[in-house]
Every structure is written in structure tokens, then in C-alpha cells.
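Going down the list, the protein sequences come from chains X and L.
The first sequence begins at 32 in our numbering and counts up one residue at a time.
The second sequence begins at 105 in our numbering and counts up one residue at a time.
Hints listed in this document are in silico derivations from the structure and should not be mistaken for laboratory results.
Honestly, I wouldn't trust all of these hints.
[Claimed, not checked] FRET-style restraints, in silico, Cβ to Cβ: (1) Val-41/X / Ala-266/L: 27 to 35 angstroms; (2) Ser-188/L / Arg-139/X: 36 to 44 angstroms; (3) Leu-268/L / His-48/X: 32 to 40 angstroms.
Ideal Cβ positions, reconstructed from N, Cα and C, are used throughout, including at glycine.
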Amino acid sequence: MLDVRGLRKVYEASGRHVEAVRDLTFTVGAGELVCLVGPSGCGKTTLLKCVGGLLAPTAGEVLLRGRRVTGPPPGLAFVFQEYGRSLFPWMRVGENVELPLRQKGLPRSRRRELVAGALRSVGLSDASGAYPWQLSGGMQQRVAIARALAYEPDVLLMDEPFAAVDAQTRADLEDLVRGLWRQRGITILFVTHDIDEAVYLGERVVVLSASPTVVREELKVDLPDPRDQLTTRVEPRFAELRTRVYRQIQAAKRSAEPGPRGAVEKDTDAPADQAPSAT
Amino acid sequence: MSRALLRLSYALALPAVLMAVWWLASADSTNVYWPPLRTVLKTFPDVWTPGRLRADVVPSLLRLAGGYLTAAVVGVALGTVIGSYRRVRSVCEPVMEFLRAVPPPVLVPVIMLFAGIGDTMKVLVIASGCVWPVLLNTVEGVRAVDPVLAETARSYGVRGVARLKDLVLPSASPQIFAGLRQALSVGIILMVISEMFAASDGLGFTVVQFQRGFALPEMWTGILVLGLLGFLLSVLFQVVERRALGWYHGRRAVGRRPGGRS
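With the rest of the complex left out, here is chain X:
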């Protein structure tokens, strides 16, 4: 479904160049849920933006269903970490979810259906008339997920979507994503810096090195399905996998420590145009 081949991204900023991603190759099969995990500042967001066609890679390529990604491809939806800044504050929840559908040129009745269905799947049926800023953080992120679902994507890219919500909400949202993934058979690429989250959610975990990023290890998560916040997390196999990923990450951090190039890129924002947030 999704092929990332030899991806490299170098930022040129005021004469300095920063190599964020060095050489990444991995694939995500159709209907798979893959988690990318790496130390903070390892260029995960850069990678995801290249996959989503929001950034052009310096070298290498991203193929979606065999076709090369050069701009945001149709059939691919994004969920950002900053839910407060990715929902349109001047639109009500329903309008926010509907916006991409209008772009697709769907008829009104079909749009209504999709919006209602998506909001129902995330448990926000009665929030359609509210403004996003009237909702809690977790609810806002659910709206962002609903917007992505209504779009009916084949591939869903999630960029640390739960990093800014509290732990309990986070557990609920993780189960929501697992549930939706099983129900709808979407391919999901989920980026996180949280090792537990990666192991709990993923069918496969790709461990990244520190920036400039390469793949350190890929491992299959052979935990039984459905997963459960209580029982899955206490299974010995969960602990094993978690430990293994954790070791890799620690090793990645250590090997990255020296060297002038590392740790330059901030993970959440590409050093492109930056404007202060309105929130």
C-alpha cells in the first residue's frame, strides 16, 4: 500500500543545512496498523509530512499504491498533534468534518450521511453544532479523527495525535483508533514517541534512530487481538516487546549524542514558515 524508499530530507535554512532524515525504507501493507517510534527530535514529523505529500523529499520516494507521491494524494488523511490548531475555529464541528467532503464534490445528502456516521463512530453525535473551542482537548482530537474518517481515506497518517491530551483520555482514544481500524480496515501509519503506545496500538513497530533518521529495527507485535488497556498491558509479551523497543531507543539516543547535526530539528514543527498560534 505504502512504500517509503530511500527517503532523505535535508533542510536548507540560512546557509546551514540540516539533515533531518537520512535514509528510510519501509513498507506498510494494506489494512495494516504500523507505529513509528523514535526518540524526540528524530524527524518523525518530517517523515510523515513527506509521506503525506506536504513536504518534498530531498531524495528517495514515497509510493502510495505504486504511484509516486508528489503532493497531498487523495485518499490520504492526516491527523495532527495540535488538535487546537488543526480544526477551523470559525466552523462548527459538523462543518469542520464536512469541509474536505465539499472539496471532494460529494452531493449534500451523501455528505450529511458521512458526517453523521463519522461523528457517531467517535461518540460525538450531539456535538455537531458546537464550535471546536467549546470542547475539551480529547473531544477536539476526536473531531479531527472524525474529519479524517468522513473523508473515507485508504491511508490515515497520525502524527503524535494523543501527545497533548491527558492519560485517561489518551487510553480511550487509543482504543477508539484500534476499534476504528478493525471496523473500517483503513491502513494507519501512527507516529508516536511513546513506547507503550506504539506497542499497544501497532501490529508492527518501526523503531527509528535519532536524527538524521534511519530505521533501527522493525518488529512484529504478536499480541492477541482485541487489545485491552487492562489485560494487554500486563502480559509478559507486552513487557518484552516494550523493553526491546525501549533499549533500541536508548541506544539510538546514545549514538546520536555527539555530532553537530543531531538535535537541531525540533520535532513538531518543520522549520518552514512559522507564525504564532492564535490560541
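Once you've looked at the hints, dock chain L against the given chain X.
This is chain L only, laid out in the frame that chain X set:
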């Protein structure tokens, strides 16, 4: 209900005090230039008859509306283009700074040369002054579109007209309204000034006529009418702004409340 009354009384308290001070201070005035407020108010209904309102206030308002709306449309359109493209911005910025620094009343004689002395001239003068606050604020507003929102829009294929309508303009609208508000007061000033040159009706013309004919209480009533007009337009503006920017004020109110969003 009682809260509304309270707010109303707050709003009216200071004007009432000022009027009272004016009334008392001018009560025994024998100065021709500074007639007692009593006389001014007594003259008011005789001067501002429905006939005169129609003959002088309506033309002034039409010119103001023409100039202001032209400035709003041109300012927002140009501002959006300039704000969206860095190249255009760097080309236009020095020129804009220069033109903005030229006081619009100076342009009256110049505009008269090619637009004549009719209503076109007055509308152009008003527009040429109002356009700057709208333009500059729009540029800033358009530049400040949140990058995360912009990427969201891009990833969902929101481009072209939809991007403008659903992302750029709403996002810049708080700034655009700030510009429009400044432009409104500039517009009223220029409306009066443009009518002081080569006019045969309008509020500015009438006030100057009274002054030249030494009809000083009448002149003072004209000034009161201008003040009231400015006040009413600003109230009207606020009503429109509250409606258009409901989301913005609502969100700010939520942001200020401690623990309002978690």
C-alpha cells in the same frame, strides 16, 4: 434585564456629565463664538429639519458609503494578494509605506484635477484614505494564517477559491475588522474634509457655510450632528462585527477562563 440597564447607564453616564459641564460652563457666555448650549440645542430642531437631513446628511452618507465600501473591497483584495506572496510583498512594501504616509487631505486638490469637483472626487478622497488601514491589516492577517491549519487544508485538498473562503479570509477576519474599524473613523473625517472643498451640499459643506455666515449656534449643531453620526456608525459597526466574529470573541472568552479548555 437589570444588567442591561446597568450597562446602559454606564454608557450614558459620561456623556451626560460632559453635556452638563458644557451646559453650565457656557450658560452665561456672551461670546459669539461660544454660544450657550441652551441656544445651540434650541436651534437644533430648526436647523436639522427632515428636509435638510435629506438634502445634506443623505448625500454625505452616500459618499461615505461609496468611498468606504470601495476601500474595503480594494483593501481586502489587494491585501490578500500582497499577504499571500512574499515576492509581491517585498516589491510593494516600500511603495505602500510611502503612500500611507501621504495625508489624504493633501490629495484633494490632486484628485480634483482629474476627477473634477463632483461626487466622484469625494468618493475617491474617502476611499484613498480608508484603504490603508484595511490593506495593511489584511496583509498582516493573511500572513498570520496558522501553519497547522494551512497544512490541514492542504492535506485535504482545500485550494483555490475554497482555500480563500474557508481558510484565509476567515482566519484574517479579526485583523480585517480591526482595519475596517480604523477606516471608518478616517472615512468620516475625509467625508467632512472633501465636502469643504467645492461642494454644494453635505455635512461638511453645511458646517462651513454656517461658519462663514457667522451662524455660530447653527454651526455648533452641525458639529453635534457629526458626532452623533460617528457614534451611530460605530454602534452599527460593532453589531456587524459581533455577528461576523462571534467565533473569535467566543474562543477568546474560553481561552481567558482558567481551566476552560483542558
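Going down the list of hints, with the structure as the test:
no.: 1; hint: Val-41/X / Ala-266/L: 27 to 35 angstroms; in the structure: holds, 33 angstroms
no.: 2; hint: Ser-188/L / Arg-139/X: 36 to 44 angstroms; in the structure: violated, 30 angstroms
no.: 3; hint: Leu-268/L / His-48/X: 32 to 40 angstroms; in the structure: holds, 34 angstroms
The earlier numbered hint that this structure contradicts is number 2, and it is the only one.
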